[in-house]
Every structure is written in structure tokens, then in C-alpha cells.
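> Under this note's numbering, the residue at position 188 of the sequence shown is numbered 188, and the numbers go up by one with no gaps.
Hint data in this document are derived by calculation from the structure and do not stem from the laboratory. Please note that the accuracy of each hint is not assured.
[As the list claims (entries may be wrong)] Using C-beta positions, here's what the derived DEER-type ranges look like: (1) 4 with 133: 47 to 53 Å; (2) 274 with 95: 37 to 43 Å; (3) 221 with 38: 38 to 44 Å; (4) 229 with 76: 38 to 44 Å; (5) 175 with 53: 42 to 48 Å; (6) 226 with 161: 46 to 52 Å; (7) 228 with 155: 22 to 28 Å; (8) 188 with 133: 31 to 37 Å; (9) 231 with 4: 31 to 37 Å; (10) 221 with 161: 35 to 41 Å; (11) 289 with 133: 19 to 25 Å; (12) 131 with 27: 31 to 37 Å; (13) 175 with 140: 46 to 52 Å; (14) 158 with 5: 49 to 55 Å.
[What the hints assert, rightly or not] Here are the simulated DSSO-like cross-link-like pairs (lysine-lysine), alpha carbons at most 30 Å apart as the crow flies: (15) 174 with 153; (16) 38 with 53; (17) 207 with 175; (18) 76 with 124; (19) 202 with 37; (20) 202 with 143; (21) 175 with 153; (22) 124 with 143; (23) 175 with 97; (24) 143 with 76; (25) 175 with 117; (26) 143 with 175; (27) 207 with 174; (28) 37 with 76; (29) 53 with 95; (30) 175 with 275; (31) 153 with 207; (32) 174 with 95; (33) 202 with 188; (34) 53 with 97; (35) 188 with 174; (36) 153 with 38; (37) 188 with 275; (38) 38 with 20; (39) 153 with 188; (40) 95 with 76.
Cβ coordinates follow ideal geometry from the N, Cα and C atoms, glycine included.
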Amino acid sequence: MDWMDIHYFVTVVREQSISKASRILHISQPTLTARLKKLEAEFNTPLLERNWKGVELTMQGHQFLLYAVQVLDEFKEMSEKLHELIPDTPAQAEKLKLGVLRPLGPYFISPALQLLKQDYPDIKYDVITGLTGYLMELISVRKIHLGIMPYFKPFPGLSSVTLFQEEIVLLAPKKDPLRTELATGRWKSHLLSRPFYLYGSKFPFRKIIDCALHDLLGQLPDVIHEVNDTNTLVNLASTGFGYTILPASYIYDAFDLQKLAREPLGHGFSVIDHKNIPYTIFFLPSFPTRALYLVYPDNWDSELPLRQIVQDIASVYQTNEALHFAKI
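Turn these sequences into a full structure, and let the hints steer you where they fit.
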């Protein structure tokens, strides 16, 4: 499979016709059909159904299309970035490149950036966001120096230090009657009947959520909507559509409003509710914690004091009282 195979596939889907797509792509129909069959053979699954209407996506094709569009978008972005590069630019001092798991966002990494500003004022830095696998690969090929992320598994040439163990929280709409249902003992049936907005199954965190819900409720809720964006998940809870479950670090700004005390509720629940937070935050003792790691390469020929920077950043997160929501 190459980039053109993906481009051909998306064009056929958009035009809903192999003949129309072949004219747009300036290739013959037999050639286009052969490329599509080659793509299906590589995945050993049908992606398109041919009928009198033209072509339609199979169930597998719908899933593949989501990734195909993303690949084309990233390829376009890469092409634009390459054309922006200025040739023969004079060599400059090495920048520190810090990778951060995308949902954590800029607010969460402020302790690390503040450290760099205070203790390493002469070092310039860039922040690169992405998902865990993407960041791990960038560190392994020495394109970024450090990464803050969960789910660290043994990876050749990489090491990690644990920053802290963080809690996983349940976000509910402000006016949701979960408090009342906890008092009456009907909280399980209430939660099972309410809509949940959760990460899609391709996200590693979803497995943690499903296990936690099974342990809490004995089964998954009746209605689950999958969402692939953290801000959207938070906004859906804020606007009253239903529940979501997130790591506490993803809503770091909510915890930083002030030192908010947790109110104990029945059945092991506790809650934080504040007028400046547009949702209610529930803590459950049965929910697991997860570790956040600072990942770095074992060896890097760099002019930067990477070992010392790793130690200093780790110390900031391990001792910072602003992270009072995390279980150290």
C-alpha cells in the first residue's frame, strides 16, 4: 500500500463511482479497479461494495475511511511544512523538543515549562503534541528529546521515570440527580440508563474505562457514544448530554481553581462541585489510577543537559502541590 492507493480509495468514496473517480484521477477504470482490489487484498477484507448505484462502503470500509482521511490530511500538512523550510539556514543552537500527550494540553505542562524558563533560560524549546505511539516513535528516532505520556511499555532504547499516579474521574452534568440516587440506593440503575460519552475503542484508555464500569456497575451502560476528542467529551458533560470518564490530568484547569475539598457521599463516592466548574466531578474508590511517565532516550549525542533536565522535570511533578488531585 502506498499513498496513492489511499488517495484513490478516498476519491472513489467521495465520487461514489469508479468511472467518475477514474476521470478525475486520469487513470483507466481497469487500473483503478486493480488498485482498489490490491488495497483490499492487503487488508484481507472488502472495503467497497459494487452495485447498480455505484460503490458503497462496507462496515470495514467505513472504519478504514476514517484513517485514510487522516493519513491524507497529515501527508498534506507534511508537504506544506517541507515547502516552508528555508534552504541553507545557518546552524542554530539545539532546541529542546518536548512531546506531550495531546489531551494533556498546555495547561498541564505549565510546571515543566516554568522550570525551563527559570532554570534553563538560555535553552529554547518546542512542544510537540500527539498520541502515545506517535511520541514514542519520535523519541526512538531522536526527533524529540522527552515525552510526557501514559502507557509506557518497554521500548528499545528508551527509559522512563514515573511522574505520579493520577486518579480517573466521572464527569456529570451540573443538574444530574446522581447525588439523590446515591442516597436512595438506585444509583446503579440510574448510571446504566444514562448516556455515556467515551473514547473510541482504538484508544488504550477505553479498555481501562470499560473494566472500571464493569467493576462498578456489573455491565456497561445501555447507551455509549464514542468520541475521539477530549474537549468534546468535556463539553458534552458540561452541556448536560451525559456522563464521561477521564483522567484527572485532562481537566487540570478545573482542579487548579482552588484547593477544593471533596464532599464524601454514600457507596464510596466523593464529589467536587464548584460554581466555576461547568460539570460535577465524582471520585470512585473502585476506579483505578494510572501512571504518567517522562520518557527519554537511553543515549543521545546532544549539547543539551538532558539527564539533568529529566531529573528536574520529574522532581517538579513529583513534589508540586498544584497536582493535589493526583495520588503520589
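> Are the hints correct? Go through all of them and say.
Checked hints:
Look at residue 4 against residue 133: about 25 Å separates their beta carbons, and that is not inside 47 to 53 Å. Under the hint 37 to 43 Å, the C-beta atoms of residue 274 and residue 95, about 39 Å apart, fit the expected range. The hint said 38 to 44 Å for the Cβ distance between residue 221 and residue 38, and at roughly 41 Å that hint holds. The given range of 38 to 44 Å is broken by residue 229 and residue 76, whose C-beta atoms sit roughly 20 Å from each other.
Between residue 175 and residue 53, the C-beta spacing of about 46 Å keeps the proposed range 42 to 48 Å intact. In this structure the supplied range 46 to 52 Å is violated for residue 226 paired with residue 161, their Cβ-Cβ distance being about 33 Å. Look at residue 228 against residue 155: about 24 Å separates their beta carbons, and that is inside 22 to 28 Å. Separated by about 35 Å at the C-beta atoms, residue 188 and residue 133 satisfy the suggested range of 31 to 37 Å.
Remark: the range hint 31 to 37 Å for residue 231 to residue 4 is upheld by a beta-carbon distance near 34 Å. For residue 221 and residue 161, the hinted distance range of 35 to 41 Å is satisfied, since their beta carbons lie about 36 Å from each other. A hinted range of 19 to 25 Å holds for the C-beta pair residue 289 and residue 133, which are about 22 Å apart. Evaluation of the 31 to 37 Å hint for residue 131 and residue 27 yields a pass: the beta carbon distance comes to about 34 Å.
Taking 46 to 52 Å as the suggested C-beta distance range, the pair residue 175 and residue 140 conforms, at roughly 47 Å. Separation of residue 158 from residue 5 is about 32 Å and departs from the stated range, judged on CB atoms against 49 to 55 Å. A distance of roughly 38 Å separates the Cα atoms of residue 174 and residue 153; the hinted pair therefore is violated under the 30 Å criterion. Between residue 38 and residue 53 the CA atoms are separated by roughly 22 Å; this keeps the pair inside 30 Å, and the hint holds.
A distance of roughly 28 Å separates the Cα atoms of residue 207 and residue 175; the hinted pair therefore holds under the 30 Å criterion. For the proposed pair residue 76 and residue 124, the alpha carbon gap of about 28 Å is at most 30 Å, so the pair holds. Proximity of residue 202 to residue 37 is assessed by CA-CA distance (about 26 Å); at most 30 Å being required, the pair is judged to hold. At roughly 25 Å between alpha-carbon atoms, residue 202 and residue 143 fall within 30 Å of each other, so this suggested pair holds.
For a cut-off of 30 Å, the pair hint linking residue 175 to residue 153 is broken: about 40 Å separates their Cα positions. With a C-alpha separation of about 15 Å, the suggested pairing of residue 124 with residue 143 holds against the 30 Å cut-off. Our distance criterion of 30 Å between C-alpha atoms is broken by residue 175 and residue 97, whose separation comes to about 43 Å. Between residue 143 and residue 76, the direct Cα distance comes to roughly 20 Å. Compliance with the 30 Å bound is thereby established for this hinted pair.
Proximity of residue 175 to residue 117 is assessed by CA-CA distance (about 42 Å); at most 30 Å being required, the pair is judged violated. Our distance criterion of 30 Å between C-alpha atoms is broken by residue 143 and residue 175, whose separation comes to about 47 Å. Annotation: proposed proximity of residue 207 to residue 174 holds, straight-line Cα distance about 27 Å (limit 30 Å). Of the supplied pair hints, the one linking residue 37 and residue 76 holds, its CA atoms being roughly 25 Å apart against a limit of 30 Å.
For the hint pairing residue 53 with residue 95, the CA-to-CA distance comes to about 55 Å; that exceeds 30 Å, so the pair is violated. A C-alpha spacing of about 12 Å is found between residue 175 and residue 275, which places the hinted pair at or below 30 Å, so the restraint holds. Note on residue 153 and residue 207: the hinted pairing holds, with a Cα-Cα distance of about 16 Å set against a maximum of 30 Å. For the proposed pair residue 174 and residue 95, the alpha carbon gap of about 44 Å is over 30 Å, so the pair is violated.
For a cut-off of 30 Å, the pair hint linking residue 202 to residue 188 stands: about 27 Å separates their Cα positions. Annotation: proposed proximity of residue 53 to residue 97 is violated, straight-line Cα distance about 51 Å (limit 30 Å). Restraint check for residue 188 and residue 174: satisfied, since their Cα atoms lie roughly 19 Å apart, inside the 30 Å limit. Annotation: proposed proximity of residue 153 to residue 38 is violated, straight-line Cα distance about 34 Å (limit 30 Å).
A distance of roughly 26 Å separates the Cα atoms of residue 188 and residue 275; the hinted pair therefore holds under the 30 Å criterion. Restraint check for residue 38 and residue 20: the C-alpha separation of about 20 Å stays at or below 30 Å, so the hint holds. Our distance criterion of 30 Å between C-alpha atoms is broken by residue 153 and residue 188, whose separation comes to about 35 Å. Using a Cα cut-off of 30 Å, the hinted pair residue 95 and residue 76 holds, with the two alpha carbons roughly 25 Å apart.
Hint check: violations occur at hints 1, 4, 6, 14, 15, 21, 23, 25, 26, 29, 32, 34, 36, 39; the rest are consistent with the structure.
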